[in-house]
Amino acid sequence: MTESNASDHYDTIIIGAGMSGLAAGIRLAHFDQRVCILERHYTIGGLNSFYRMGGRDYDVGLHAMTNFAKRGDKKGPLAKLIRQLRFRWDDFKLAEQIGSSIRFPGVSLDFTNDIELLETEIEQRFPGQIDGFRSLCDSLLDYSDMDGGDQRFMRSAREVMAEHISEPLLIEMLLCPLMWYGNARENDMDFGQFCIMFRACYLEGFGRPFKGVRMILKNLVRKFRGLGGELKLRSGVAKIHVDNGRAVGVVLDDGTELTGTRILSSAGNVETMRMCDDITEVDVARAGKLSFIESISVLDRMPQSFGFDRTIVFYNDSESFHWSRPEHSLCDARTGVICSPNNYIYDGDEGELPDGVVRITTLANHDRWCALPDDKYQAEKVRQYEAAVASSVRFMPDFRRYVVDTDVFTPKTIRRFTWHDNGAVYGAPQKQLDGTTHLPNVFLCGTDQGFVGIVGAIVSGISMANRHCLQVQ
Amino acid sequence: MTPAEIRDEILDILEDISPDEDLDGLKDDVPFRDQLELDSMDFLDIVMELRKRYRVQIPEEDYGALASMGSTVEYLEPKMRDIVKS
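Protein chains in written order, with my numbering: chain A, 1 to 473; chain B, 1001 to 1086.
Bear in mind the hints are in silico, worked out from the structure with no lab data behind them. Don't be surprised by glycine CBs; every beta carbon is placed ideally from N, CA and C. Heads up, some of the hints might be wrong.
Only part of the chain B face toward chain A is listed, based on derived beta-carbon distances under 10 Å [to be verified]:
| no. | residue |
| --- | --- |
| 1 | Ile1017 |
| 2 | Ser1018 |
| 3 | Asp1024 |
| 4 | Lys1027 |
| 5 | Leu1036 |
| 6 | Leu1038 |
| 7 | Asp1045 |
| 8 | Val1056 |
Start from the sequences and build out the full structure, keeping to the hints where you can.
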């Protein structure tokens, strides 16, 4: 199926070695295309990467993989991606969460990967709302309606929820985890995106491989390379060269030129447009704004030893949940996510993780972080870490006396790993669900195409590769 | 290829698409969809695997012929008769 025999010509050039780019690469290489993945950073993974510091392994991004499925499940996105990429269940080997909680002042809702617990919790804490919750569940769009064609996709999730649930606090509480795990829009959510995240978090649930995100990335890269795919790190794309209304290739930061029949970009919508040399002005206002800092604490004991067994806690310290970029401060710790990778049900033969870890994610302002001079940046990392931890211990046991090591990553770090404008974690609010651009042979995958999260990004790469790069031949 | 060899080849493709699936009890006269819960993406994969492995082209209007093992083998027999099993 190779369309040109020139030695430096690729059937498909993929920009970005994150989850979506690697997954797309596997599909195309499997069906005999000559594929090259270009990555600007010195490592793979994009938002979902990892690093090693002070002898310890850290994950960027991954708290939990959503869309949990048990071995043998045939439905749902995880089963689909395993089939499409020709993996086996053991290649992911997901351990199920112990249980997570949504904590607001004076009220908490627990949930697991079995929706029945959340239903029981709602019945007890919000008597009178359970029928509304069930009818909301019945009104969810199916994954097959997620190509954007359904009129309801773009409705306000808050509006739809209010048609079913009359208690505003319950609406806020249900939205909190879904926005935290996959909403690029400030304050409200598209109903379609709400449905994707509702299924991913509440109906399917959370899991994690014992070895974290590196295990998934290692499997993706090994498979891609095994199929003859080429992966070039430290190879940022400076320019997509356009001739006669078609992309003909890319120019790398170091000046190297590569030609390709088509280009699949996970760099983001605005970011990809900026690379195209036929476009002079890019509407940067369309880029996403939501970015995070993450405050990581390594502990001298396991979280369960001091009574904390939650996999994830989504907290908010008032009755209204504010989901927007902090405009006048570096961070906003009124709401946050507490995650402990220790609190999964790992197999007996895997044992325990080497350290107890608590990770806290809070909202942050990318521009303010990037404007700090270096000494101030370092000092603020310490200050904002303390603020995030102080905020979180209102919703979990105080762990501060057990901390032996800390690290913080900021929107500046996220920008370095993803190269997305504003360090926007979930990309632009306006998704390009069909993956098309103004050019007939340049396509988008990854966060700005639609699905987010690890499973979502992989499914995005697969579906865009199938739709635009395989079926056209 | 004989019909039996074509059947083995389809089994091999299904095994490749879905390695954790138990294919031993697969019934030839029951649609794949009812036994294996294959979706449209998986059907497309069967088509593409046949193209990749044997250069067999299946036009989109013929996809319906791939509903069950029996109908698939029957449909492919004239197309794969002259292919020597590798």
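- prompt: Honestly, which of those hints from before does the structure not fit?
  reply: Hints 3, 4 and 8 are the ones this structure does not satisfy, whereas the remaining hints hold.
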